[in-house]
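Chemist: Listed below are the residues making up each chain.
Protein chains: 2
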Amino acid sequence: MAKNLTTRDKDYSRWYNDLVVQADLADNSGVRGCMVIKPHGYAIWEKIQAELDFRFKETGHVNAYFPLFIPKSYFSKEAAHVDGFAKECAVVTHYRLKNNPDGPGVIVDEDAKLEEELIVRPTSETIIWDSYRNWVQSYRDLPILVNQWANVVRWEMRTRLFLRTTEFLWQEGHTAHATEAEAVAEAVQMLHVYGDFVEEYMAIPVIRGVKSDNERFAGALETYCIEALMQDGKALQAGTSHFLGQNFAKAFDVKFQDKDGEVKHVWATSWGVSTRLMGALIMTHSDDHGLVLPPKLAPIQVVIVPIYRGEEELQAIDEVANALVADFKKMGIRVKYDHRDTYKPGWKFNEYELKGVPIRIAIGPKDLEKGTVEIARRDTLTKSYLPMEGLASEVSSMLDVIQVELFERAKAHRDANIHFVTTWEEFTAALDRGGFVSAHWDGSPETEDQIKDKTKATIRCIPLDNPLEEGQCILTGKPSTQRVLFARAY
Amino acid sequence: MAKNLTTRDKDYSRWYNDLVVQADLADNSGVRGCMVIKPHGYAIWEKIQAELDFRFKETGHVNAYFPLFIPKSYFSKEAAHVDGFAKECAVVTHYRLKNNPDGPGVIVDEDAKLEEELIVRPTSETIIWDSYRNWVQSYRDLPILVNQWANVVRWEMRTRLFLRTTEFLWQEGHTAHATEAEAVAEAVQMLHVYGDFVEEYMAIPVIRGVKSDNERFAGALETYCIEALMQDGKALQAGTSHFLGQNFAKAFDVKFQDKDGEVKHVWATSWGVSTRLMGALIMTHSDDHGLVLPPKLAPIQVVIVPIYRGEEELQAIDEVANALVADFKKMGIRVKYDHRDTYKPGWKFNEYELKGVPIRIAIGPKDLEKGTVEIARRDTLTKSYLPMEGLASEVSSMLDVIQVELFERAKAHRDANIHFVTTWEEFTAALDRGGFVSAHWDGSPETEDQIKDKTKATIRCIPLDNPLEEGQCILTGKPSTQRVLFARAY
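These protein sequence lines are chains G and X, in that order. Per my numbering, the very first residue in the first sequence carries number 977; after that it's consecutive. Per my numbering, the very first residue in the second sequence carries number 977; after that it's consecutive.
Bear in mind the hints are in silico, worked out from the structure with no lab data behind them. Remember, it's a predicted structure, so these values are computed and weren't measured experimentally. Hints are supplied without guarantee of correctness; some may be wrong.
It does not matter which identical chain is meant; a pair holds if it fits inside one copy or across any two.
[What the hints assert, rightly or not] Here are the simulated SDA-like pairs of lysine to any residue, each with C-alpha atoms no more than 25 Å apart in a straight line: (1) K1231 to R1316; (2) K1432 to L1290; (3) K1210 to D1263; (4) K1272 to R1031; (5) K1312 to D1117; (6) K1074 to A1194; (7) K1432 to M1133.
For reference, chain G alone in the conformation it holds in the complex:
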């Protein structure tokens, strides 16, 4: 067990924070609610970015970049949207500092006040749709399939590293289409791009569904989402994709001449995932020893540590290790040989365990004699010995096995924690045990609000292809046509 790492049983929330900081993923900064993403954390985020970017491009999208600042007046143009975001906006009011005439340091120059305040983007629908007005004249200019990698700011009162920070990194897709059907298909497609990525790369099983009215994005007609279950039984929304109808096109007057000659408003979607995914990753797989990483996202997949006394032993090990490194690289394995003499092997073992390197290989003088290596899996904490001969292909298979088993383990945990209930007592008891609770609901926003007030649980989603089933709402007893998934959530 890593030094100073609180165990999950003792305090899950503190374990999470300890782990993020000690595994060098991120740290708090001197700016309230803003984090520093450290190199190890950022390297994982880069892997997430690269694969998502690849999948976006494979589905026909291109990247662009829109301004950080949004004029205040743009914000008010879509009513639901401004309601959703106005309360958490960082506002730029001045554009200059000056020397403090009354002492040291600098102060805001009151002569440099902006005529119209600028909002630091919490999301970019308004500034983007203001641009799209100039991009679209004819049906031939559609669809617009644009994504942006950017930082956004939402002034959160309670923040947690990766999960909820004032500034965070994300991508936001913003597409424009000639027809409603095409826009809906795009929103659904991107939901599945997210779902497939999170399952295949992050080894996190997700439930794909739609949000209830209460949980819908401010300005959307339909919000699709993927929902994951963390080890502590709380749910986490891992990504959303919105069908925006013509709300933004109407607010920003984005029209096109269709093939039939008619001038029509454009149909829209937006979709995003953020550095929050890092939180999901950590809380799905990690343990009391530190981070556990799925091989596909691990910046280093295999670390080789020499166990030696004196230069001579090290040289002999170096030779073998360098040959292994070359073999591994040929197979596309991301490998590091750590023969720094400033740290002892025990320190290195701890370090790579804490940082989640999937496979650790130790080589000592006895291994050289026997032609074997000691190989340790981070996920299971099991050790075995393998011959050096053909090691690269064994390790490659082991990485594949780890990737699959991490997903299977998380899925078994998730599946074991979906509780089907019919009464209010069962409902609250299930919520206290943790997990998703599948229950009947009468479909009204008021009932959802009451349930949230009483239990802190929200409707996470109505799964896609949810079977219809008659029943009674767990709170009001009113008739219901289907079960929905409740949970307490991050």
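Add chain X to chain G, keeping to what the hints say.
Modeler: Chain X only, in chain G's frame:
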């Protein structure tokens, strides 16, 4: 010549702006001084990013991410730094909007005023060095070799797309070292990483040198730079790398215990290039027909356009074109086959010329008969006919040739425009002709200021390995030990 594109002779500045907008590289936004980088422009920026990121990693750097906001007090800690940036800072003063009680829309909520204002980063030295204090205890924690890809904001009064915008995208490296020598070596290394990249990838010849006192970065002891010459004879600073000494380490109290047991301040560098490089790219190679792109940075290197009447002809061309596309892709050529029936060939020719696709291939029914294609080079506007047989390898070679010739042409232009002068009359005449002017200078900041006031020219750099040569300052006649390069600059 592209429709509506002003010629360079007529108005170079307007030509530039027309080109940026019409080639779909970028556009002005509704936010003063902030641009929208459109997909075509962003795709080129992505190529720049990818190659630079690769070169940074090859030289041992890793990426991280630091907050967008900097508390005002951090800014004052390094005196020269705050002087350099205080006058152009966007300042966040509030964190909430509320409904306007007196009418429609939203207003700033005066109850949500920040205790300490936050500056939107114009550069990140201060917030990063505030973090580094926690990263470094021992010599074993050094060096820190971190880079960040980010947006920054400098409140510029006069803005131009890519060249000078209020918000821009860049990377900023921030490294920490145990010794002065190591930090200086890092700053010089990164200068050459920039120089090599810009020459090899962007086909822009640069002069590598150091800045005079006046032009040095606010807070640096030495600023290394690469300087390029645009077609209109104005210079453009394409990248800088700073040796910061211990200024920031002292301001933010970043110390380490060295091998000898002593506690010392850390030595620093920072270095950056920005979306300004896009401006340099455009103004080095493009012509009155539109953008000219070096093949290594072209998102599409080859476009194939079918010339046909009716479905039958198109089908026959499709078959051949698809086979060529497959061949080209195998050789790693980025190729697009544009058989959209919504646009005519002439429109497509214009479009790809404007957007700078290096090679255009046209295939018509006669080509099918003869087994040839028409191939047009964007840079020279020359056409030739080549057999389809073995076309991929011919095209691949042609791309290499274009890359080299673009560089050679730019270098010939640059070299022909370095003027060596000895008198003030020669100096001002040379400046009016345009180009770099190599002249003696007495080494004083006051003289440099006077020259700038009289001519608008600044010292662009003192080239690395500048030969010593006795002479007299062109303005004051005082003794000088070396020539330096002056120019009017972007």
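Chemist: State for each hint whether it applies.
Modeler: Comparing the hints with the structure gives:
For the identical chains of this complex, K1231 and R1316 are inter-copy neighbours only, at 23 Å across copies versus 62 Å inside a copy, given an alpha-carbon limit of 25 Å. In the homo-oligomer, the alpha carbons of K1432 and L1290 never lie at most 25 Å apart, since the shortest distance is 58 Å inside one protomer and 62 Å across protomers. Taking identical chains as interchangeable, the C-alpha atoms of K1210 and D1263 lie at most 25 Å apart only when both belong to the same chain, with a minimum of 16 Å there against 59 Å between chains. In this assembly of identical chains, the alpha carbons of K1272 and R1031 lie at most 25 Å apart whether taken from the same copy (15 Å) or from different copies (23 Å).
Proximity of K1312 and D1117 under a CA criterion of 25 Å is satisfied inter-copy only: 18 Å between copies versus 48 Å inside one chain copy. Taking the shortest alpha-carbon separations for K1074 and A1194, only the inter-copy value of 16 Å comes in at or below 25 Å, while the best intra-copy value is 39 Å. With identical chains, the CA atoms of K1432 and M1133 are at most 25 Å apart within one copy only, with a shortest distance of 18 Å there and 50 Å across copies.
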